[in-house]
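Each chain, letter by letter, is given below.
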Amino acid sequence: MSYKAPDEKDLEAMIGIVGKNYATNNKAITASYLAKSVMGLESQIPDIVVRPKYTEEIRKILIYCSAEKIAVSPISGGLSGGFACPTIKPAGVLLDLGRMDRILEIDEANRYAIIEPGVTNGGLWAYMEKYHPDWAPPIADGAPPAATVMGDAIDRGFSLYTSSVGPQGDNFMCAEIVFPNGDVVRTGSWALPFAKPFYKFGIGPDMWSFLMGSQGALGVVTKAAVKIYPHPKHKTVVAWGMSNPYDMQNLTLEVGHQEFGISHNTVMVQGGNYPLVMTRWPKDKVPHDYEFFKEIGIPEWWMNWECWAQTQEELDYVIKRINSMAEDFKKNRAQDGAAMKPWELHPKQIASRMKKPNKIAVPYSFWDAGFLFITWYTPWNECAEFAEMYNAEMEKRDIPPVMWIASIERCRQAICMPIICFDSTKDEDFEKVQDLNAVTTEYSLKRGWLNYRPDPFIHIQAYYQAGMYWKYLRAFKKLVDPNMIMHPGRLALP
Amino acid sequence: MAKTGMDRLNELKKEIFKCIHCKACRFAYSGEPSRKGIGEFKGKQGTVLYEGMVDSCPAGIEYGWEAFWNAGKIWIARSILTGDLEFSEEVRDVILPCITCGQCSAQCENKIPTVDIIESLRAACVESGIPLIDKHALVDRLVKERNNPYGGQAAERLKWAKDAGLGKFVNNKDAKIAYYVGCTASYRQVEVAIATAKLFEQLGMNFTLVEDEVCCGSPFFRIGEVNTAQELMKKNLEAFKNVKKVYFSCAGCYRTFTIDYPKWMAEGEKLPFTTQHAFELVAKLIQDGKIKFKPNADLKGKVVTYHDPCHTGRHFAVDMEQEMIKESKNLMFDSRKIKQKIDEWFEIPRVILKKLEEDVGIVFKEMYRIKLNSMCCGAGGGVRAGYPDFSIRTASLRCDEANAVGADILTTECPFCWRNLTDANDQYNHGMTVMGVLQMITEYDLLDIQQKPTEADLLGKK
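Residue numbers (our numbering), protein chains in the order written: chain C, 1 to 494; chain S, 1 to 462.
Incorrect hints may appear among the rest.
Below, simulated SDA-like cross-link-like pairs (lysine to any residue); rule was C-alpha separation at most 25 Å, straight line [said to hold, decoys possible]:
(1) S:Lys-36 with C:Asn-244
(2) S:Lys-14 with C:Arg-397
(3) S:Lys-326 with C:Tyr-290
(4) C:Lys-283 with S:Met-324
Worth flagging that the hints you see were computed from the coordinates, not collected in a lab. Predicted model, so just to flag it, every value in this text is computed and none were measured.
One chain only, chain C, in its complex shape:
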């Protein structure tokens, strides 16, 4: 499919919509939106960047670009999270939604916050800490504070409560979406003009879910209602160490299988292996041998349960139950029970794990010069196999085997995230990473695993395998985006 490369006349049109201070084709400014890291390596410099403030401006931009057949890629406040799919070929217009950063309403009784797409994790967190301290938003854990709440949702991401209540997309009740055909659609109960955002499925069927994972390829979400949850004072982290991913997987599943009670108290359930710690430091400034990490008390593999409770009594009960279940597992069902032990965390380690939002996922460039998250969803009881396969492939290529795994919805799914630390100044390292991605994708798709934020080139095979689904996805896109201008290349569309 061919697209028009926007010219001066198109820039004038954008300026006519948003004003001269908010649209530009300045080459230095457009280049600054590149992001060949973390989530993908294919970023391109956009031709024009526009920074709209209002829904109506976005509607006019999309109508114009659709008529002119100019590609449009929306990003929210954070480039590395969120609508974090930077512009790819063909470049076209980049919509930077960072100015749409208003927190419009917090309703404690009905437990939602209405936000715009540029509202950041850190911004919403600080605001609620100050004005609604008993409530917390489901912000992404590990994503930088500048990443946006909305972006994490639309990527089907992982958040503070995901292990307990389900995928981040499920934390969104209603949304306002602008489609390139010029329609502004309100989903869920918002479909009715005077309704509160209290019911995601609205008058049915649920259109919001169609936007989940859309990577900005269908329309622009300009407003959304996100669930907020109690922010109790009684919290801690329980952690167990083990020697292999299977014991981590199986013990965690036993806790998640409880479904009620402690499974709901464990808001964040995430673990990994010792290279997760090692690669946060420059590779020539830290020992690589596991013996060193063992000596300082870091398990080879571990699982953390972050527990939130309304009372100390309830919290004590949760801790006791997890520990007794782990002891029982160690004794009776573990592959390597001898290696299993509780990881006694220092209060500072607990505080650091509970800090939200945080920069935990950021320092992996420190190891060398760049990194990439290639994230997959698997059924929980297949995550150990995923880790074993992926780590072996990384080691084959002299890439440190860094693996982070978290539970979604009480171990219904696992989000598995190998962190690929490499030297992004070297072309050969880029090729090595792409080869790793291709080989592991082939294996994973055969196993029926799904990519989180699929990359437009290597992971595209997933859509071809899901032929019938993709047919309807394409048909829906055609309906709302008749000239296929939204983020071409994403979702194997057009």
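Got chain C; can you put chain S on it based on the hints?
Here is chain S on its own, set in the frame of chain C:
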């Protein structure tokens, strides 16, 4: 052979490629989202919520585009290195309005030396033949003609000393210690120069004011005119070659001599003297019990706050961190030591302020953004000269923060910060007094010497 900006940019390539565009660098306290603050405050520049992390990149706040926040500039640098972008006036106009305050560097989990990258990018831009903006070209011409960017007569550089009865210190050949005054204190904020020299005199220091002193070159390192900067550096190294120690009252000059000169000197060359800011000496003498302060009725009960100059605060802290990382064999173990050293560094001016609180009766109140997370005054990086309105608005934002804690007096330890904060205070009616800490000590005659400092105290190595 001296390095070029492009040489430096290539040396920094791996650092540049570490940026993942996470944008934590736009905030102060980016790692402390739950930090308790002072709530919302409506100031002259709008309302700011001083809680958790706060947008603190002045250029990003002013211009909004991604290119003006730090991460955008790092990706511009990367695009230059990969050939995706060429230097042009468009590039220049995006990379120049940055105060190089280093807030970004302090926030970066990947320890990217952002200020170094931006300065090298500017130097490479100038080398590529892109002209300086008019206002920078003017100061470049002035410094080439008169050795200072203000256009003052060279013969009048030390006029303030003679006028203040400090003439005996001019070209004092016996002294092993020099006071490098700097252009701003010599030609504009002479109060700072007088206060510092009088303090040294009261302490019994035998020091010299060097008539051949020229601009330290700071503005020219910052804007990328490194040839001019290196010429000035050579003149100063020659002028000060016979002393063992050089004291400073200006944060920018101190940073330039201590951090920039060694970086831009030829391989293997070292500074022939040690350097120290006057406030380090005063803090040390307080800690050693050799000085204290007299009570003062005019100051008693006044709310005093302190603005950390970026050049003495964050820039030194980040430089220390980079050096310690280089030397470390196991950074997991050494990171705590680095943090401790940085904490100690930021405590130095606070030793003086806390002593003033104890002895004089001022009420010392910290602003929300302090130390490593301090908000810039808006003067540095060539911004005051090149983009004066933006510069003063930034200073006013900082004054808002001082107003938010009810400050009567906003202190700092840099004449350049002092100038900008004073201008903003006046222009936007913030209603405070802005002064240097050492200036306060001298003007209110607060110094109470318990024991004269020894030569070892005065010459003590950093």
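How the hints compare with the structure:
Of the pairs offered as hints, the one joining Lys-36 of chain S and Asn-244 of chain C is violated, with about 40 Å between alpha carbons and a cut-off of 25 Å exceeded. The suggested pairing of Lys-14 of chain S with Arg-397 of chain C holds, with an alpha-carbon distance near 21 Å, which does not exceed 25 Å. Between the alpha carbons of Lys-326 of chain S and Tyr-290 of chain C the distance comes to roughly 24 Å, so the proposed pair stays at or under 25 Å and holds. A hinted pair counts as satisfied when its Cα atoms are at most 25 Å apart, and Lys-283 of chain C with Met-324 of chain S qualifies at roughly 16 Å.
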